[in-house]
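Chains as they are written, first to last, in this note's numbering: chain A, 30 to 349; chain B, 229 to 568.
Everything labelled a hint here was simulated from the structure, so no lab data went into it.
Incorrect hints may appear among the rest.
[Unchecked claim] Stretch-level coverage of chain A by chain B, calculated; a stretch enters the list once three of its residues show a Cβ under 8 angstroms from a Cβ in chain B:
hint	stretch
1	71-83
2	145-159
3	220-229
4	232-244
5	309-323
[What the hints assert, rightly or not] Straight-line distance between alpha carbons at most 25 angstroms, and here's what the computed DSS-like set of lysine-lysine pairs gives:
hint	chain 1	residue 1	chain 2	residue 2
6	B	431	A	168
7	A	97	B	294
8	B	268	A	230
9	A	144	A	102
10	A	263	B	431
11	B	563	A	168
12	B	565	B	445
13	A	144	B	431
14	B	268	A	78
15	B	445	A	171
A quick note: this is a predicted structure, and the numbers were derived from the prediction, not measured.
By construction, the Cβ of each residue, glycine as well, lies at the ideal position given by its N, Cα and C atoms.
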Amino acid sequence: MNNVTENLRKTAAKLLQDQEVKMVIGYGAGSEAGRTQPVFITSPEDAEKLVWNPFCVNGLTKYLSDLKNFDGKIAVVVKGCDSRGIFRLTQDNIIPRDQVVVLGIPCAGQMSYQKLAAKMDVSGQLTDVQEKGDNLEIKTSKGNLTVKKSEILLDKCALCENHNPVIADHLMGDKIDIAPKPEDYEEIKKYEALSVEEKAKFWLSHFERCIRCYACRNTCPGCTCRECVFDAIKPDWVGKELNVSENELFHLTRAMHLAGRCVDCGECDRVCPMDIPIRLLNKKLLKDCKELFEMATPGSSEEGGSVLGQYRLEDPEEFM
Amino acid sequence: MANKSIKKDQVKSLLDKLAQSNQLIAPIQSEGITLFKPVKSGEGVVLDYQNALVPPKDFFFPQSEKMFTYDTTDPSWAITPVDGVPNRVLFGARPCDVKSILLLDKVFDAEFRDDYYLDKRNKTTIVAMSCTDARHTCFCGAFGISPGEAEGADILLTDLGDKYLAEVLTEKGEALVSSCGSLFTDDDGNGPAAKEKAVAPAKEKQMQIGLEGVKEKLDNMFDHPIWDTESLRCIGCGTCTFVCPTCHCFDIVDFNNQSSIGYRYRCADSCQFANFTRAAGGHQPRPSKKERTRQRFMHKLRYFVDRYGDFGCVGCGRCIEKCPVNLDIAQIINKVKEVG
């Protein structure tokens, strides 16, 4: 067992024992090697179910929105990227800050279950995983694999602004001393350079595949409307019919609703079953907002909110 | 009809030929994603894929489908039905997906005969493809499905190295073979034994899940706390139901764009969405994730058995692989077996 897992279990058990919180949301063993699953711990004895390993990819902060009427404080495990989701929720007044205890874990990067599955049979249980320099030694009940971390690294982790959480009431491991690699938007610039026709061709070929499962919306800590525009029946702003036109409307509306608010955690991209590069849309908006409003990545600090929901005298007014 | 075989280098000619007189639907790979698509020829068709990202169910029960058009200014209120589909060949469907079509038959070809479904079903010849390998999420064996059998298909192909064994299972299959002249030759008699050997890895490698007693246990588990705990991590998306080859719930909507002329369509709906059961006046019989999660597993493993005498799951593993929070039906089955 690694130190972080040990700290996590001890801290969770103590928080529950002392009745400082009534629930701890963290990661538990997954049904396959290369996966973990979100677990919801309510008794100190069950803190043993908590784990930390390089497959803790899920962002857990959105569950705080689901549980906003929960009777008692909740502790939640966050990595750097999803820690920004905490401030998204507090700034949007979805949860009061004093109702949450943040268990922060410094993170050097998470591994992709899909990429691992392409290299080994992941249907067994993970028994051990050790970092040895650039390699990961993965042991499962159905075989072992030593693999270069870079080969199975989650795409989003190649660029990371916050290896250490932006907020943590309890830090579960030593701070990671890796220089942050903020987004350079090189990829976005490539798409910006395309003609309108090329852009349309690219996006429509992806939107055509969308099955409108709404996983991207449901996992997003910025999507907390009481009634989502896509669920509204009267008026039905977006029809339920599956076609590229409705799908496009869905994707563009979803992205625009997050302009200046998206915390860039990359969960929308990860959860998409159809491998639509959803995050590119959000990144374009992030780039524009940063350029126009000199904005930090949303959720980076407690203060702030939505740049598009605020008025400042120095805001650009190029269109006036 | 006796077993046939077809050389691998003849398959493209076969597909080209089938595409001339039918709408050919076959697996295509693009950007690493395998999907069944209508194709004009054998060009680009992949046959060594493990399973398509979404099942070919869409060609029988499209996720979205126009039912008829209407014009409210027409004094007779006449409706114009949509055209049916042309004759089609679904090529390369895996045994789990073929079985799912038999399960859909139980729903759409029963007391109420669904013309939209049956038009497509009747006009489609299914050429299935045995599995010689299994994905990490495969468990078709649990439902009595074999990687080397495909009841419901018209022809079953099995990869035997330089050729495919072609088992002709129905009259539709015979007609297809006859129409393709010399592309098929008589099997040398070793085909069935070679097939057993070819599909053995798929049988061994897949998850071995037993279903003994699961349905009977679920009969008494409606109020079991397992649904409280397992549903907590669900994020309420529709991924599991939309990638499922047997899910078949749909909604019906009229669309008229503020004009007198409009059309009615139906589209797949998901029991995981809150709107699925929200009634007029706001009543909500499945108010939380608990009831919705329970419904999915109960429908697959209990209600479908009660209604149709078979499980409503074929072990294709798509929902396992794609669920963003690892809500895994195989794990749920094992947990149901463990609880007291």
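Each hint tested on the structure:
no., hint, result
1, 71-83, "violated (count 0)"
2, 145-159, "holds (count 4)"
3, 220-229, "violated (count 0)"
4, 232-244, "holds (count 6)"
5, 309-323, "violated (count 0)"
6, B:431 / A:168, "24 angstroms, holds"
7, A:97 / B:294, "40 angstroms, violated"
8, B:268 / A:230, "21 angstroms, holds"
9, A:144 / A:102, "37 angstroms, violated"
10, A:263 / B:431, "50 angstroms, violated"
11, B:563 / A:168, "24 angstroms, holds"
12, B:565 / B:445, "8 angstroms, holds"
13, A:144 / B:431, "24 angstroms, holds"
14, B:268 / A:78, "53 angstroms, violated"
15, B:445 / A:171, "30 angstroms, violated"
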